[in-house]
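Enquirer: Listed here are the chains, written in short residue letters.
2 protein chains.
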Amino acid sequence: MKARVQVMLKTGVLDPQGEAIRHALGALGFDGVEGVRQGKVIELDLAGDDAAAAEAQVTEMCEKLLANTVIESYKIDLS
Amino acid sequence: MKARVQVMLKTGVLDPQGEAIRHALGALGFDGVEGVRQGKVIELDLAGDDAAAAEAQVTEMCEKLLANTVIESYKIDLS
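Taken in order, these protein sequences are the chains called A and B. Numbering of the first sequence is given in this note's numbering, commencing with residue 4 and proceeding in unit increments. Numbering of the second sequence is given in this note's numbering, commencing with residue 4 and proceeding in unit increments.
Among the hints, erroneous ones may be present.
Repeated chains share a single entry, so a pair holds when one copy, or any two copies, can fit it.
[Unchecked claim] Calculated lysine-lysine pairs in the PhoX-like style (CA-CA distance at most 25 Å, straight line):
1) K5 with K67
2) K67 with K13
3) K43 with K13
The hints are simulated quantities; they were obtained by calculation from the structure and are not laboratory data.
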């Protein structure tokens, strides 16, 4: 089964990449961009079809490797 | 309104970041990870409530700045 993990900086944590994108969009003439946040998305192909087991495993992956939970939050979607 | 852009390397394009994650997950003892792809997610806060106009604007942003369409594909979700 497939899992999609989205890792974003927590609200309140400064996001220089997002700010750089916002400035670049402004420089290119795109108006009305009020805020930009950039994060990562990680798509995993997992063996097995047990959704509950997969979710538990992916949560552990996030806590141990994929996200820095001090400053980042993560969201898991299984499909 | 809010737009979420997901930018991934196209199928067939080598993804060294994804491969690095797959190796690291294996080294941490996570079995059954058959493939990993890593991409970017960009969340935009846009002025205005016109979904069609927003989608057109974000598509142009992707073509001009957010994605390298030679090797990357993008997906736009509005909410």
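Enquirer: For every hint, state whether the structure bears it out.
Expert: Comparing the hints with the structure gives:
Within a single copy, K5 and K67 get their C-alpha atoms as close as 19 Å, which meets the 25 Å cut-off; across copies the closest is 30 Å, which misses it. With identical chains, the CA atoms of K67 and K13 are at most 25 Å apart within one copy only, with a shortest distance of 17 Å there and 27 Å across copies. Taking the shortest Cα distances, K43 and K13 sit within 25 Å of each other both inside one copy (13 Å) and across copies (16 Å).
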